[in-house]
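Spelled out from the first residue to the last, the chains are:
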Amino acid sequence: MWSVFRCILMRDITLAMRRRTDVMTTLFFFLIVVSLFPLGVGTEKETLRILGPGVIWVAALLASMLALERLFAADYEDGTLEQILLTAQPLSLLVLAKAAAHWLLTGLPLVALAPLVGLQYQLPPDALLMMVISLLIGTPVLSLIGGIGAALTLGLRGGGILLSLLILPLYIPVLVYGAGAVTVSMIDLADTQPYLALLAAFLLLALTLAPVATSAALRISLE
Amino acid sequence: MLDVVNLECRRGDRRLFSDLSFSLSRGTLLHVRGRNGSGKTTLLRALCGLLARETGEIRWRGEDISSLGDDYRRDMLYFGHLNGIKSDLNGIENLRVATTLDGDPVVEDDLWYALAQMGLAGFEDLPTKVLSQGQKKRVALARLVLSGAPLWILDEPFSALDLDAVDLLGGLIAEHVAAGGLVVLTTHQEVPLTSGQIQRLHLGT
Amino acid sequence: MKINWFHYSSPATFYGLAGRLIPWFAWIALILTLAGLYWGFFETPDRLGGSNPQKEYYRIIFLHVSTAWLSMWLYLVLAAWSAIGLVFNTRLSYMMARATAPTGAIFTFIALWTGSFWGRTSWGTWWDWDPRLTSELILLFLYIGYMALHSAIDDPRRGDRAAALLALVGLVTVPIIFWSINCPDPNQCAALHQRSSLDRIDPNILWAMLTTTLGLWSYSFAVILARVRGIILKREADSQWVRDLVTAESRA
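Top to bottom, those sequences are chains P, L and A.
Take the first sequence: its letter number 117 is residue 117 in the numbering used here, and every next letter is one higher.
Take the second sequence: its letter number 82 is residue 82 in the numbering used here, and every next letter is one higher.
Take the third sequence: its letter number 222 is residue 222 in the numbering used here, and every next letter is one higher.
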């Protein structure tokens with residue numbers, strides 16, 4: 001069972017590494033969006049500090065969502081998704097493998113870039129730390145929940161926009177507490193604890209429920 | 001071993017076929033024929049368990065396939081219209097993934113052997129996107145060499161193959177049936193068997 | 001007597017039943033809603049609240065609260081029909097879910113709109129990111145997402161099941177979403193919106209609200225049943241009973 005998980009995980013990572021531009025585009029999108037806001041809103045230090053957590057989180061959300069379309073679409077088109085549905089292994093496990101690959105390729109780089117971007121927004125060190133931690137816990141949740149939407153909208157025209165419409169409401173709790181944690185850290189680091197606890201709870205919930213929902217959605221989409 | 005009882009399938013709002021029943025025992029090949037649009041692919045996908053059926057039952061070794069779930073899929077191999085291989089991976093990598101998904105206990109040497117059997121010696125480490133259509137199909141079909149599943153469900157496996165490959169595949173299928181396996185097949189050509197029986201099913205009449 | 005629970009789960013039989021029920025619900029809706037509004041506008045005190053009373057304009061709550069309650073209730077109904085459809089695989093359940101969505105969305109929109117007016121007059125602003133109003137907005141997105149997914153999928157069977165799954169996923173996440181909006185700072189939860197204080201309201205106002213709610217609920221029955229009849233005809237257009245119906249109607 002573990003060998004199949006590893007097989008799919010390595011396969012997805014290998015494939016992404018052979019088409020590195022796709023991964024880079026997501027990261028650059030994140031950087032561009034984050035850079036646009038100060039240009040539009042103003043570069044005052046105080047304004048940036050207030051905006052920073054929210055803007056960075058929203059940009060992370062959008063970047064993560066952009067990459068979601070590719071989660072299942074390529075496999076759907078060449079028939080490998082069908083084969084995945086027909087293995088003797090539990091589908092949830094394989095979905096988890098794909099979500100893990102998605103996170104390693106999209107979420108983790110965002111976490112790595114976050115401190116740099118945080119500096120652009122004049123965030124203090126405590127906030128930078130909180131940015132990294134909150135994204136580290138929160139971005140896997142985005143990958144997992146996003147998988148449900150990607151599975152439901154497989155092969156549809158206008159899939160990308162429809163995917164955003166379906167998924168963004170579901171992302172709200174992660175956004176509220178993720179950005180909230182960073183904001184609060186600028187007042188008192190100790191207050192961030194309940195935020196992180198909630199984010200961790202979301203992660204656990206997503207780990208257990210999202211693959212099941214995604215598997216159901218895949219079976220529905222592949223009929 | 002495979003029993004179908006009163007199967008009815010729809011595609012969208014069209015009813016493709018209804019009251020379809022047949023039984024297959026070991027060492028049988030079922031040749032499904034019919035015009036385009038008569039529901040051949042739908043039938044095969046239903047047999048895989050990919051389609052939720054309207055009515056009817058599909059039983060494998062006496063039990064309904066929906067309750068068997070993973071156990072049924074372990075015994076079954078499906079080959080559809082799409083090759084099911086990634087163009088950015090080479091032949092060996094593709095075959096490795098396919099055999100891991102199929103759950104066949106293979107070692108590295110087996111993968112090279114299988115590809116060589118399919119006439120791809122020397123092409124194994126090229127990314128499949130540079131191979132021709134026929135070669136891609138050979139890579140995809142290499143799974144059959146290593147598969148331990150008793151039931152093969154193949155949808156138009158001979159398309160895009162040259163004469164050599166047609167012979168190869170025909171040989172693989174014949175061997176499988178002779179060893180007591182079952183094959184459900186749609187194709188426009190005849191498949192000669194060395195032993196075992198051929199049942200024919202015509203859809204759309 | 002053996003009850004056939006699934007007798008009315010066939011679109012053909014339900015079509016007739018729905019047709020007979022609609023006039024009843026429509027009349028009840030009209031009577032109750034008008035009664036509720038009349039009661040609300042004429043029989044209730046001129047002011048609401050104790051320490052900082054709201055003036056006449058508070059009466060908008062008879063529409064606002066009723067539609068808000070119904071918007072949430074109808075989402076539950078939608079999710080329930082979706083669940084029944086997925087479990088029992090009955091076509092009619094999916095059709096009922098599909099028929100419920102637009103009404104739910106409309107009520108959500110009206111709740112938002114009337115809420116906005118109320119906000120303007122009592123808080124001085126058209127929109128405030130108040131938790132409850134924001135939650136209603138998210139609910140609207142969920143309804144629209146459901147309808148958008150359904151219409152984006154050509155195959156009706158896949159569309160039914162995908163949208164049903166989406167509704168159930170929404171159902172699970174809605175409490176979490178609402179809670180996160182209501183309580184963005186877990187260290188201290190605060191809300192601008194009137195805390196639900198049904199027990200401290202003047203009974204006249206409460207009864208008027210309930211009557212309007214029942215009236216609108218009846219309206220939703222009528223409208224949803226009418227809509228589902230249309231959906232049934234469209235989906236079952238190939239079957240004999242529909243063809244018979246059409247020929248009978250064209251002859252009349």
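Since the hints were made in silico from the structure, they are not lab data.
Glycine included, C-beta positions come from ideal geometry on N, C-alpha and C.
Treat the hints loosely; a few may be bogus.
[To be verified] Taking beta-carbon pairs under 10 Å as the criterion, some of the chain P residues facing chain A (in silico): (1) Pro90; (2) Gly158; (3) Leu168; (4) Thr183; (5) Ala200; (6) Leu203; (7) Leu207.
[Stated by the list, open to error] Partial chain P-side listing against chain A, Cβ under 8 Å, derived: (8) Cys7; (9) Ala88; (10) Gly160; (11) Leu162.
query: Where does the structure disagree with the numbered hints, that is, which hint numbers, in rising order?
result: The structure conflicts with hints 1, 5, 6, 7, 8, 9, 10, although it agrees with all the remaining ones.
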